[in-house]
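*Asks:* Listed below, chain by chain, are the residues.
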Amino acid sequence: MPFIPHTQSDITAMLQAIGVDSIDALFSEIPQALRSAKLQKVAHGCSEMEITRLMRECAERDGHYVNFIGAGAYEHHIPAAVWEIATRGEFYSAYTPYQAEASQGTLQVLYEFQTMLASLTGMDVANASLYDGASALAEAVLMAVRSHKGARRVLLPDNVHPIYRRVTRSIVSNQHIDLIGLPFANDSGHTALATVKTHEGADCAALVIQQPNFFGVLEEVDALTDWAHAQGALVIAVVNPVSLALLKPPGEWGATGADIVVGEGQPLGAPLSSGGPYFGFMCCKQAYVRQMPGRIVGRTVDVEGKPGFTLTLQAREQHIRRSKATSNICTNQGLLATAATLHMALLGPDGLERVAAQCHANAHALVDKLTAVAGVERVFDRPVFHEALLRLKLPATDVLRGLEAQGILGGYNVTQHYPQLGETILVCATETRTAEEIDNYALHMQRIISRRRLDPPRAVKAAPKS
Amino acid sequence: MPFIPHTQSDITAMLQAIGVDSIDALFSEIPQALRSAKLQKVAHGCSEMEITRLMRECAERDGHYVNFIGAGAYEHHIPAAVWEIATRGEFYSAYTPYQAEASQGTLQVLYEFQTMLASLTGMDVANASLYDGASALAEAVLMAVRSHKGARRVLLPDNVHPIYRRVTRSIVSNQHIDLIGLPFANDSGHTALATVKTHEGADCAALVIQQPNFFGVLEEVDALTDWAHAQGALVIAVVNPVSLALLKPPGEWGATGADIVVGEGQPLGAPLSSGGPYFGFMCCKQAYVRQMPGRIVGRTVDVEGKPGFTLTLQAREQHIRRSKATSNICTNQGLLATAATLHMALLGPDGLERVAAQCHANAHALVDKLTAVAGVERVFDRPVFHEALLRLKLPATDVLRGLEAQGILGGYNVTQHYPQLGETILVCATETRTAEEIDNYALHMQRIISRRRLDPPRAVKAAPKS
Amino acid sequence: MLIFELSQPGRRNSSQAPRDRADVSAIPPQLRRRERPLLPEVSELQAVRHYTRLSQQNFSIDTQFYPLGSCTMKYNPRACNRLAMLPQFLGRHPYAPESTGQGFLACMYELQEILKDVTGMAAVSLTPLAGAQGEFTGVAMIRAYHDSQGDAQRSEILVPDAAHGTNPATATMCGYSVREIPTDADGDVDLAALRSAVGPQTAGLMLTNPSTLGVFERHIAEIAQVVHDVGGLLYYDGANLNAILGKVKPGDMGFDVIHINLHKTYSTPHGGGGPGAGPVGANEKLRPFLPVPIVSKEGEEFRLLTEQSLPQSIGRLSAFMGNAGVLLRAYVYARILGREGMERVAEFSTLNANYMAAQLAKAGFELAYPNRRASHEFIVTLKKLKDKTGVNAMDVAKRLLDKGYHAPTTYFPLLVPECFLIEPTETESKEELDGFIAAMVEIAEEARTQSEKVTGAPHTTPVRRLDDVRAARSLDLVWRAGASAA
Amino acid sequence: MLIFELSQPGRRNSSQAPRDRADVSAIPPQLRRRERPLLPEVSELQAVRHYTRLSQQNFSIDTQFYPLGSCTMKYNPRACNRLAMLPQFLGRHPYAPESTGQGFLACMYELQEILKDVTGMAAVSLTPLAGAQGEFTGVAMIRAYHDSQGDAQRSEILVPDAAHGTNPATATMCGYSVREIPTDADGDVDLAALRSAVGPQTAGLMLTNPSTLGVFERHIAEIAQVVHDVGGLLYYDGANLNAILGKVKPGDMGFDVIHINLHKTYSTPHGGGGPGAGPVGANEKLRPFLPVPIVSKEGEEFRLLTEQSLPQSIGRLSAFMGNAGVLLRAYVYARILGREGMERVAEFSTLNANYMAAQLAKAGFELAYPNRRASHEFIVTLKKLKDKTGVNAMDVAKRLLDKGYHAPTTYFPLLVPECFLIEPTETESKEELDGFIAAMVEIAEEARTQSEKVTGAPHTTPVRRLDDVRAARSLDLVWRAGASAA
Ligand SMILES: Cc1ncc(COP(=O)(O)O)c(C=O)c1O
Ligand SMILES: Cc1ncc(COP(=O)(O)O)c(C=O)c1O
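Residue numbers (the working numbering), protein chains in the order written: chain W, 1 to 466; chain V, 467 to 932; chain F, 933 to 1418; chain G, 1419 to 1904.
Keep in mind that the hints were calculated from the coordinates and are not lab data. Nothing here was measured: the structure is a model prediction, and the numbers come from that model.
Just some of the chain W residues that point at chain F, by a computed CB distance under 7 Å:
1) Cys46
2) Ile51
3) Cys58
4) Gln114
5) Leu120
6) Val125
7) Ser170
8) Leu218
9) Leu246
10) Gly275
11) Gly298
12) Thr310
13) Asn332
14) Leu342
15) Ala361
Where is the CB? At the ideal position from N, CA and C, for every residue including glycine.
Given only the sequences and the hints, what does the whole structure look like? Please build it.
*Replies:* Below, the structure written as structure tokens:
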């Protein structure tokens, strides 16, 4: 019996202690009529050896590609120590640290996490993780509306990640919040001050600013922030934490800084792994801390005056406040926050800065090489962090498929989201991409765009990489 | 500076405390003439990201093959928990447990290890590991000669693993010990009683018996043991620990059992990994414990009477007894012993027995399928455990190369070691081999032996398996 | 000691970052960061040592019995971790084409099929990232369904008073008001109260079964009838599915939409607060509203269905396809168990709970529902102990830590005074249960004879009882150089 | 609690073994086992919990400062572990053809090249499984060389009296008698004594440099000359190579054959007693005698050279090619360090040792060789402390455990009374060293004012001081049901 330790004599003794004849008798309160169906589609059990073989076969089918896709999830080097320690049983198999005295390990890590995130974003406080970047934005919108206590409109520019906008809509729509789109400037991709000004006086609870925005383009965050504040609206920043090693932290945007900062934590130590588990983070000004969703760890002292850590402000949360809670979130992404803490500690401020700078430089190199190909051009002319939108003279789907056949994932096809921009792909090169890989990409782009055949024709499926 | 924590101000403060100007000054006692040479062949340092890419590329070059080689190292399922726990920092990065109070974890594991090994072999005591199976045999020969206190001859049958015999010779030859070979029976591969009887009265310190022997064949261990004891010689058993779940333990061989038992511990939780790290084990009768080489853990009590564990009988060892020690061994294979303990605890007696039985059955199935091919025959007719020697009508090298091209490692080429037996390969199938893999092997053997071409001709390099 | 206190300016792990500092002059100065963030400057060894030592300060399943009710703290098999971390799985970008993820998607598709069978639902979406997000999904689907019927008057979600806090919180997030239904003396929903509560305003009922009171809701069929009769829908909170796996299916009980906490029933790790996964299942009626993406199989190929093919979908709840790595772990676990193994989970988790309940009752502890069979968990109320000795449930919980056991869930559900919700799970041995029972008996004895030992507990943990009031009053949520807690 | 005490007859982890019990009737009954071995019958969770908890009872580099002299307890980078455990490396059979292991063999070849450069040797064999086996190899090669010269009279190996126990033990295993050479007051070999000891009977000298006394042997050139002049050979025990990596090469010092402990200098884990790796290097003279296999590069292909191509080889020391996984870890470490990194190892391990020596001396501790520069380690003698307070080196060592530091090596080398051999390694920070120094000062103070605190130490470890005499006298080496230690 996999994972069940009971021997026959244990079972006998236990049934006797309970005073029943069989285990089945313990289910006597379930109405017989409901107990008919057996599991039919579930296979018989596997041994660990069998499932190991099976999973390896599955993994091998997926192989390995040289990846130039970003669009919200980024390939970074993760120090080996991160997951060797994060998967230690004591972190891996513990619950949410409700019993603080028995959970000081997790609690202190989360307190350190909060400190690091608050400092990275330049904010006063941070929580101990939300689900992911997209749902964190939805939570931030709800929080802004709660905090604003008046308006229920939120300005959500069109250059915010399209999926983030959809998720936010799915989550906040039932609470009668109005999400108002803002067009981006045609040739620069950023949200022009003139555009937001069309909403002057429109009683908005918040303005969302993604920096860099979905196109990788840098926004004029100071002006936008100051405008929003002048309107009495909160500023919700959506940021990439790695970029913050180089970019002005939201806490310093404009005269008084953003009010709520959220983002996808994945670039801090979470492997790409088909989209999860990642984690969302949220930081805010002290004034809004009681409106924050999610767990928060505080430092306090024990009965002997010794410093220790505990979950605090639980009165915001569903298990205390129930229908009046700031959110329904309960299980969050704790282990990813632990991994992120390890990741940041291992990189340090200098390491994170070098990583960010190398991403930036590699992306520039990539864009230069690709746009040297006739038929490939940049869509926007403003500075970017580590990705950029390119317009292709051929259908993006075909080009990407051609690259895939060479073991290259050439970027994210953006055409579906912004058809008005033509055939576009969003390309990214992080610090993990080498000069040879970038050259090789450009070479194949050149060939594909000019509709030259491979000579001899061949399609390599990249060898699976372990 | 990878792995070096010193900041510039640390360095300054430390030099000042020492009273020197530079780090270089600390090397002033090294004669200048010797300090000329710089490292030239060593490359510049890599980042972890770079070396990760490089090692993955190396690993990918090696790919994955369906393995039917045994010959002293066996592919077994290893529960995931084994190495997840054995590589925990507390086990992985600790030293030999000299400071017992700070090493109870390792010490208790090794005490449990000794208990398991002693029980598996049916012996009184076990040590806490030697280097590997081959060198353990050499140590056993030295130990037998020390214990016998008279003879310096040891009977070492020709059907003991050829490399074990070479290693033993390399290690014991300088101590004027005579290793005497014994021919095996021509059609059965075992050591006949009649053969050992030719050494009746020849004043031997010990007889070595490998069970199963190198050919996979089972020896008549009872008769051999009793004969040796009647001659006043010790019996050194060389065994595969997994086989002992099915086979009579050496402690029960003959009337009084073997005296010293050694073997390769690899089948107990060590991955194949190109040959190491594995571990040798050694068990013996209580009477010989003070002649044992290697670390031994004993249970004792602390000043409060609480049970605890400590290294004991250290007076046998080099760090105390120096030139009169039982061996020079110091660092052994502790972490592998830890992994083996976990492995045995996770399998339990029933699990180990099922594994052994499945190996036996798979090997039988393999031999049946292969010998159904004309031109492939068994060399010996006696029962085997999980490998068998096959004679081929074509050169073994060619056949194995043909199989390799199909992603199959068809066995170990034994021709080099026993040319008198013709073209022979030793084949093995453990519990990890499936019926399909065995069928596929037989299919290709059939094709290769009958010199049929593949249609269409192709050579698959098995996809690397991660 | 905090990691920041180990930090020294200028210390760095040079092997963990690019050798050179690349040129960033293309970024306009006014958009650049001026001061470095407060990240620790420590060596790799310092970081490894610090976090390894911190880990040792945790209780966890791997080190202690952890009978936290409603949380299903069962053994998290190491194989699940190992196999979900295969390099190809870890390396795949979520936007990589489906053609490059057929192995992964095959696992996801099969997991959907398994969960459909287990829950008796017509379709499953794996995307929700935890139980509460599953609840949100389900209730949003209920709303979408009513909307699709042009039925705009339904404004209320019913929840039993024993419900987990996420249920009412979810209803609010979906724009519903919440009406609580009382529980009867035996722990079942008060049917009369339910009947009088339902009406045309009823959007649906959220129910956990077995309930958070540790008993199976016996009138589930009538309850379903009552709610359905007024046009409402039934939501199943699957947090307690462990108790009935393979024994009875939520679909057969009449539920329209459900979630499953894979981090409970399917043994993915809790990770000190997540990640989890809360897949949602729906019957034919609610199926069109499931969130995307969903994995479909077309011929031998696996594809992700999106908004295009599911136009009525409530949309997306996260940027990608859910907590893929958690889903892989659950898949491996499900495959190892197989169908027989799943039934055994229900059987042995129930056996363990009933055994502990029986033994604790014999030892003088008061069961909240002595006339009921326990499900996979049960409630002890320590009210009498408190009345007699002044020792409350929290004190006993803390004292258990000293004895090497994690405490059960305390003070939940709220309606039972001095409540201990105890869930042993099927992976614990009788010896472990007996040890815990003995510890409870010892503590009860201590409460009578030397109560300060209990009220002053814990004594052996890295810190002693913490001042939660101070934590909330003088908030210290991030470290600042120079500031100190003590 | 022992794992056997958690065992219950009939309990088993069914997922860890084949479902069916295969037929074994082909094995004759008289060769079959009758009773099952005493392996524990525990659940997977029980095993995981038991061994996880046991692990927490260890001190280790990952959790404590561990300044064990002569052992080089430096940080074991996690990347080395991760990369050596790549599935293709783990899965390769040692007898798989070379064609299937070109990636692995490339790493091994490069490691040989790196070690040649570092040691100044002409060739390297990676096969020896630890330092002591490397020593055996080297001395066996010395014998093989003399034999090849027809020089059968050489019967003696010289070792300094400060030598590690493996040196004389090795000489004996190689059939030599051992002659000890005294050390002079400053820790160098007594040259006069050496001169009078050498002769036609001298097969060779084994030397560690820097020596186990923590100082560099300054007369190494003369020593080499003296030994070579009489036809003897020089063996270099590379246990202390960490101190001079990239600074001076054993080959340049005149050594003919050497070993390197990769589990020291190249930071592969000690694993609680191994595995290690003790590659051996030789100059041109001794090269033909190196053990096989050795990796060679022919064109772009890597091959294993065996007895066939190296007929004078001393043969084989283990069944396969050495501790391959350990060698891979060392290779990764060497590549991360690179040439500059290796020099820094010598520099900073030496800086740390000299700093500690200076600070301890200032704090009143007596250095064994106060006039010498420390190498990467140094010796404190606690003789005066013992004379004054009765507290001996072992007591101080045990008390250090209470303060969270692993003890230095005690009572080795034997010639220094109340000896502490302290090796901080380069990976420890100044703060950690300062903490240790402060603990030493505290303990010295305790020894004067409340010596029972020290002599009764340790107080905070899982067990207190153990009865070693009893352990050796009433041997309890394996557990038997019913027997108990207490
Ligand atoms: C009954 C019940 N419902 C819902 C939840 C919420 O699930 P999650 O924590 O996965 O969001 C829990 C979790 O504890 C629960 O016990
Ligand atoms: C000086 C010296 N020589 C030799 C050895 C033996 O090396 P190993 O333990 O690797 O066999 C050691 C190990 O401690 C040592 O310190």
